Amino acid sequence: MEALHRTTSGKRISVGGVRVDRRILTRVASCLVAVLLFTSGASAQSFFQKILNDIGLGNGERPAGENARVLDAAEAEKKDAVAEEEVDPEFSNEFTGILTQVLNSELFYVYKVCTPNEAQLNSLRAAGKLEIARIAKEYGRLQAKNRNGNWAEWPNARERIGNVFVAILKEQLPEETVGNYQREMAARLDAQRAAARGMMMNVLDDRVYLSNEQAISLDQKLSEQWNDEWSRNLMVFSYPQYSPRPDASLLKDVLDEQQVKLLGDMRNYGRISFGWQTDLGLTGWQNLGINMNHALLDKWVQATEAESETDEAAQ
Amino acid sequence: MSLFRSSNLPYMLSVLVLTTALGTWPAALLAQERMFQMTEQQFNSWIFESNGFNSGQGQTGRQRVEVSLTARCQQLDATAHLDELQREKLRLAGQYDIQRFFNDVDAARRQTSMGQISQEELNRIYQSVQPLSQRFQMGLNGRGSLFEKTIRTTLTEEQLAIYEAQELERDRRRYESLVRGSIAMLELSMPLTQKQREKVISLMMEESPPTLTFGNSYYQLLIPIRHMSRIPDKKLRTVFNDVEMNVLKDLFRKTQVYDQILEQQGVFLVDE
Numbered sequence: 028m029e030a031l032h033r034t035t036s037g038k039r040i041s042v043g044g045v046r047v048d049r050r051i052l053t054r055v056a057s058c059l060v061a062v063l064l065f066t067s068g069a070s071a072q073s074f075f076q077k078i079l080n081d082i083g084l085g086n087g088e089r090p091a092g093e094n095a096r097v098l099d100a101a102e103a104e105k106k107d108a109v110a111e112e113e114v115d116p117e118f119s120n121e122f123t124g125i126l127t128q129v130l131n132s133e134l135f136y137v138y139k140v141c142t143p144n145e146a147q148l149n150s151l152r153a154a155g156k157l158e159i160a161r162i163a164k165e166y167g168r169l170q171a172k173n174r175n176g177n178w179a180e181w182p183n184a185r186e187r188i189g190n191v192f193v194a195i196l197k198e199q200l201p202e203e204t205v206g207n208y209q210r211e212m213a214a215r216l217d218a219q220r221a222a223a224r225g226m227m228m229n230v231l232d233d234r235v236y237l238s239n240e241q242a243i244s245l246d247q248k249l250s251e252q253w254n255d256e257w258s259r260n261l262m263v264f265s266y267p268q269y270s271p272r273p274d275a276s277l278l279k280d281v282l283d284e285q286q287v288k289l290l291g292d293m294r295n296y297g298r299i300s301f302g303w304q305t306d307l308g309l310t311g312w313q314n315l316g317i318n319m320n321h322a323l324l325d326k327w328v329q330a331t332e333a334e335s336e337t338d339e340a341a342q
Numbered sequence: 307m308s309l310f311r312s313s314n315l316p317y318m319l320s321v322l323v324l325t326t327a328l329g330t331w332p333a334a335l336l337a338q339e340r341m342f343q344m345t346e347q348q349f350n351s352w353i354f355e356s357n358g359f360n361s362g363q364g365q366t367g368r369q370r371v372e373v374s375l376t377a378r379c380q381q382l383d384a385t386a387h388l389d390e391l392q393r394e395k396l397r398l399a400g401q402y403d404i405q406r407f408f409n410d411v412d413a414a415r416r417q418t419s420m421g422q423i424s425q426e427e428l429n430r431i432y433q434s435v436q437p438l439s440q441r442f443q444m445g446l447n448g449r450g451s452l453f454e455k456t457i458r459t460t461l462t463e464e465q466l467a468i469y470e471a472q473e474l475e476r477d478r479r480r481y482e483s484l485v486r487g488s489i490a491m492l493e494l495s496m497p498l499t500q501k502q503r504e505k506v507i508s509l510m511m512e513e514s515p516p517t518l519t520f521g522n523s524y525y526q527l528l529i530p531i532r533h534m535s536r537i538p539d540k541k542l543r544t545v546f547n548d549v550e551m552n553v554l555k556d557l558f559r560k561t562q563v564y565d566q567i568l569e570q571q572g573v574f575l576v577d578e
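From first to last, the protein sequence lines are chains A and B.
Mapping of the first sequence onto the working numbering: residues 28 to 342, in sequence order.
Mapping of the second sequence onto the working numbering: residues 307 to 578, in sequence order.
Derived by calculation from the structure, the hints in this document are not laboratory data.
Model, not experiment: these values are computed from the prediction.
Take the hints with a grain of salt, since some may be wrong.
Restricting the straight-line Cα-Cα distance to at most 30 Å, the calculated cross-link-like pairs of lysine-lysine (DSSO-like) are [said to hold, decoys possible]:
no.: 1; chain 1: A; residue 1: K156; chain 2: B; residue 2: K555
no.: 2; chain 1: B; residue 1: K541; chain 2: B; residue 2: K560
no.: 3; chain 1: B; residue 1: K395; chain 2: A; residue 2: K248
no.: 4; chain 1: A; residue 1: K139; chain 2: A; residue 2: K326
no.: 5; chain 1: B; residue 1: K501; chain 2: A; residue 2: K156
no.: 6; chain 1: A; residue 1: K279; chain 2: A; residue 2: K248
no.: 7; chain 1: B; residue 1: K541; chain 2: B; residue 2: K555
no.: 8; chain 1: A; residue 1: K197; chain 2: B; residue 2: K540
no.: 9; chain 1: B; residue 1: K501; chain 2: B; residue 2: K560
no.: 10; chain 1: A; residue 1: K326; chain 2: A; residue 2: K156
no.: 11; chain 1: A; residue 1: K139; chain 2: B; residue 2: K455
no.: 12; chain 1: B; residue 1: K455; chain 2: B; residue 2: K505
no.: 13; chain 1: A; residue 1: K248; chain 2: A; residue 2: K288
no.: 14; chain 1: B; residue 1: K501; chain 2: B; residue 2: K455
no.: 15; chain 1: B; residue 1: K455; chain 2: B; residue 2: K541
no.: 16; chain 1: B; residue 1: K505; chain 2: A; residue 2: K326
no.: 17; chain 1: B; residue 1: K505; chain 2: B; residue 2: K540
no.: 18; chain 1: A; residue 1: K197; chain 2: A; residue 2: K326
no.: 19; chain 1: A; residue 1: K139; chain 2: B; residue 2: K541
no.: 20; chain 1: B; residue 1: K395; chain 2: A; residue 2: K139
no.: 21; chain 1: B; residue 1: K540; chain 2: A; residue 2: K248
no.: 22; chain 1: A; residue 1: K326; chain 2: B; residue 2: K395
no.: 23; chain 1: B; residue 1: K540; chain 2: B; residue 2: K501
no.: 24; chain 1: B; residue 1: K540; chain 2: B; residue 2: K555
no.: 25; chain 1: A; residue 1: K139; chain 2: B; residue 2: K560
no.: 26; chain 1: A; residue 1: K326; chain 2: B; residue 2: K540
no.: 27; chain 1: A; residue 1: K139; chain 2: B; residue 2: K501
no.: 28; chain 1: B; residue 1: K505; chain 2: A; residue 2: K248
no.: 29; chain 1: B; residue 1: K455; chain 2: A; residue 2: K326
no.: 30; chain 1: B; residue 1: K555; chain 2: A; residue 2: K326
no.: 31; chain 1: B; residue 1: K505; chain 2: B; residue 2: K555
no.: 32; chain 1: B; residue 1: K501; chain 2: B; residue 2: K541
no.: 33; chain 1: B; residue 1: K560; chain 2: B; residue 2: K540
no.: 34; chain 1: B; residue 1: K541; chain 2: B; residue 2: K505
no.: 35; chain 1: A; residue 1: K197; chain 2: A; residue 2: K156
no.: 36; chain 1: A; residue 1: K288; chain 2: B; residue 2: K395
no.: 37; chain 1: B; residue 1: K541; chain 2: A; residue 2: K326
no.: 38; chain 1: A; residue 1: K172; chain 2: A; residue 2: K139
no.: 39; chain 1: A; residue 1: K156; chain 2: A; residue 2: K139
Kindly produce the complete structure, drawing on both the sequences and the hints.
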């Protein structure tokens, strides 16, 4: 450091034989440090974020939009081992609202098909509430284990609620009524599959112009080899780049070579997420005001009872 | 080193604070004046990629429309038994529609500034290619095309009847899929019995289905809902009870705003 040393007065230093005021040099050096920091990309946000993360107060690599706290692998494993009843409500509360809407719509459905009396309806409602509490916990645990997106692992809430209803109805209503309800549930599931199949065919038709004969054969083939994962969320068919597609082997039997090739060339970005509610097929037009809430069902029950009382009186 | 003497610390600290402030402030300024790289690939992706074609791999969707045209001609030939002259006329007319579209795409591409452009210019280009993207999405040999006109002037009356029946069946099949999809969405909140489901679907298929220019649209599932909103209450009440009717009315009111968007996409709904 021959070129840089203090003078006897301490006020001036010599740089490469040139005498410079110490204050000026200090400022130049500070600016150099500043430029160094600035160009190293240490923006204030990331700088302080890093400090917060290091001392355990930051949110680290938490995915955007995640509502619940994400556990690391060890924590999640530990959490999974905890008995169902002991699961932290933090991991299940966010699901309860939507599951309650599903329960209400299922109560509405069971009332429409079986017309249980008020006491029976109340017992169905109570059992349904218990069931959704269980499902919410299961969802919570799956989310805590970062299983979002692996929807096949997530329980089908509608089916579970329906099964609970069937068990109760069997004890309280005639076999025929319960049978009707089960048939209706199966028909609804089939209708959901048929709707998804039709929409999938529309996506293919947009690309390769299916003849009417091809459409009939393809519908048949798809129905034979249907995967229920394809019909969970119908919204996805409005986004052809993300919509599920059947295997080429299935298409080969129905379409010509050129059509198969063209479909094979079609870009597919894989999965798109509309949020767990929609991905799991739990919500439909709720955001547009369709919500069969408790009050609506009560209103219907009262109207039906009043109607039957009037009929009885008339008789 | 003397540079880090205690007397210099306040000064150093103030420089650090200033640096961190400068670290975020210029970034915000830079974001405002950010420049974008406009490439031919980007241009193609705006027209074709939203329709599922990987323009990055040189696909521009031309293959799709050509395959679609061939399939249409083949289907027509198989059912209406075209002669050689008719086949050739239709092929040429279809090719003309395709070529005209791709000429328009080329013209738009030539007018597009490539390279570094501002956000404003980027938005302008994006807006200017949207009509092309929509044309592609709606199909190049559909309603109003030369292909369609040639069909009407080239086919015999008998062949035309076969063609129209075929197209009608295709439109019906496609619209029924949408109706079933829309009803299935409705059922996630308001489940229907089998009888109600079939009744409302057949009611909608019978009652003046909307004129559609097919092609996927983000709002396609709302089309049947808007269609249903135009069916007289009296008819809907044969399917739905009072509670359900109130829920539906609410849905109709809230989806009214989509009528204009759908019309822009070539969906014309008819009031009953």
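Hints that the structure is at odds with (numbers, increasing):
3, 8, 11, 12, 14, 15, 20, 21, 22, 29 and 38
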